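Engineer: Residue strings, one per chain:
There are 2 protein chains.
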Amino acid sequence: MHLFYQPEPITQLTEDDSRHAVKTLRLSAGDSIAVTDGHGNRHLAVITSADARRCAFRVTDTQTTPPRPFSVRICVAPTKNLDRIEWFVEKAVEIGIERISFFIGQHSERRVLKLERIEKIGIAAMKQSLQSYLPRFDEATSFTDLLKTVAEEQRFIAHLPANASPANLASAVDPGGHYAVLIGPEGDFSASEIQQAQAAGWTLATLGPNRLRTETAALTACQLLNFVNY
Amino acid sequence: MHLFYQPEPITQLTEDDSRHAVKTLRLSAGDSIAVTDGHGNRHLAVITSADARRCAFRVTDTQTTPPRPFSVRICVAPTKNLDRIEWFVEKAVEIGIERISFFIGQHSERRVLKLERIEKIGIAAMKQSLQSYLPRFDEATSFTDLLKTVAEEQRFIAHLPANASPANLASAVDPGGHYAVLIGPEGDFSASEIQQAQAAGWTLATLGPNRLRTETAALTACQLLNFVNY
Chain U
1 MHLFYQPEPI TQLTEDDSRH AVKTLRLSAG DSIAVTDGHG NRHLAVITSA
51 DARRCAFRVT DTQTTPPRPF SVRICVAPTK NLDRIEWFVE KAVEIGIERI
101 SFFIGQHSER RVLKLERIEK IGIAAMKQSL QSYLPRFDEA TSFTDLLKTV
151 AEEQRFIAHL PANASPANLA SAVDPGGHYA VLIGPEGDFS ASEIQQAQAA
201 GWTLATLGPN RLRTETAALT ACQLLNFVNY
Chain X
1 MHLFYQPEPI TQLTEDDSRH AVKTLRLSAG DSIAVTDGHG NRHLAVITSA
51 DARRCAFRVT DTQTTPPRPF SVRICVAPTK NLDRIEWFVE KAVEIGIERI
101 SFFIGQHSER RVLKLERIEK IGIAAMKQSL QSYLPRFDEA TSFTDLLKTV
151 AEEQRFIAHL PANASPANLA SAVDPGGHYA VLIGPEGDFS ASEIQQAQAA
201 GWTLATLGPN RLRTETAALT ACQLLNFVNY
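Residue numbers (the UniProt record's numbering), protein chains in the order written: chain U, 1 to 230; chain X, 1 to 230.
Some hints could be false.
Since the list gives no way to pick out one identical chain from another, each pair is judged satisfied if it fits inside one copy or across any two copies.
With a straight-line cut-off of 30 Å between C-alpha atoms, the simulated BS3-like cross-links for lysine-lysine are [said to hold, decoys possible]:
1. K80 to K23
2. K114 to K80
3. K80 to K148
4. K120 to K80
5. K23 to K148
6. K80 to K127
Since the hints were derived computationally from the structure, they do not count as laboratory data.
As the structure is a prediction and not an experimental result, all values here were calculated from the model.
For reference, chain U alone in the conformation it holds in the complex (with noise of 0.2 Å):
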């Protein structure tokens, strides 16, 4: 069955996806399709109205999914690649995440961020999925704003410094906590993004063996995380 996101109110489904049901998928009245609202409810419903710019349905019945036991929030520099930020928004969505948050670094290239195609990527990523939660994406601060924005208790900080090696993410974690990591741009953290850091209780850890781009370490952190509560 074909699924698609409508926030509440939930009667009509929004333009684009009402021209995708009715035009590109030619569902008529009475059709039977899913909708998420994308806070974890599934709602099975029935076209009343295949209107091509706003159509209707009634809801038959709704499934809800509970949200999961733990977090993953992925703070990360834009990179200077949009291609780049936005595969691994397809791509941490598909796998599970529930926020990214975008910050501009001292080393940024990449200075401004829309969060429109963003979402829409998202939203494409989570219906792919077949999941009912849309992950919250907030607009690019400053790293100095970011890290008022964080509450998650654990706290890491992607960055191999040149005096020490730190702990491999996978055993710095607990299962079950709510998490945030902060993945730097193509040019790393300055100093001073590390100090602040460390200041605000955020841990170093490590990604792995090699040196990974801005997006692939994102992603991993998100597998990581990912990984070590299933």
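With the hints as your guide, set chain X onto chain U.
Structural biologist: Relative to the frame of chain U, chain X by itself:
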């Protein structure tokens, strides 16, 4: 220092790398470079002739990295959209993989794959992540022929049957082993392919609770097999 890839003989760079070294990086005689042979050896070298078509160098020192005590082989059907499988190759090489084998399944939409492009992406990712081993890439074969080539003792097929719930790959593998994982095309494996693999000693395993795209499943298996060994 700039890292180049040059299999035997270790005397000059390829034409592409020579142009890159001399024209783009503007390296000249006397400059130091690093050259990996893709077999675990990283040579420190000095350019002796900055020729833009055949840049010659003299090896001054060689560092040899032992192979990993475990090996990861992913056998995957090429995706309909080439970008997706190429993306998988880049990421898998960055993270760590010994071998990628392609196969054409009964439900595969893409029936051909140019290995030359895949190898170029693999070499770039090996250099990017500062590794000294180039994974092996196998030409796409039929599913039946592929199974004959797999000698790894820990063999898993990523598939979720309707009537059973196999163990997660993370809990199914033993650390320190030699692994092969089968990842199906967008159209999934056929029933006969599943039977064929099980008869050949492949065990069903899942990669998590979500439905993953082919390339996401392939990378997730690769990530997981690396994690259980770190």
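Engineer: Look at each hint and say if it fits the structure.
Structural biologist: Hints, verified against the model:
no.: 1; hint: K80 to K23; verdict: between (37 Å within a copy, 24 Å between copies)
no.: 2; hint: K114 to K80; verdict: both (13 Å within a copy, 29 Å between copies)
no.: 3; hint: K80 to K148; verdict: within (25 Å within a copy, 43 Å between copies)
no.: 4; hint: K120 to K80; verdict: both (20 Å within a copy, 22 Å between copies)
no.: 5; hint: K23 to K148; verdict: neither (46 Å within a copy, 47 Å between copies)
no.: 6; hint: K80 to K127; verdict: both (27 Å within a copy, 19 Å between copies)
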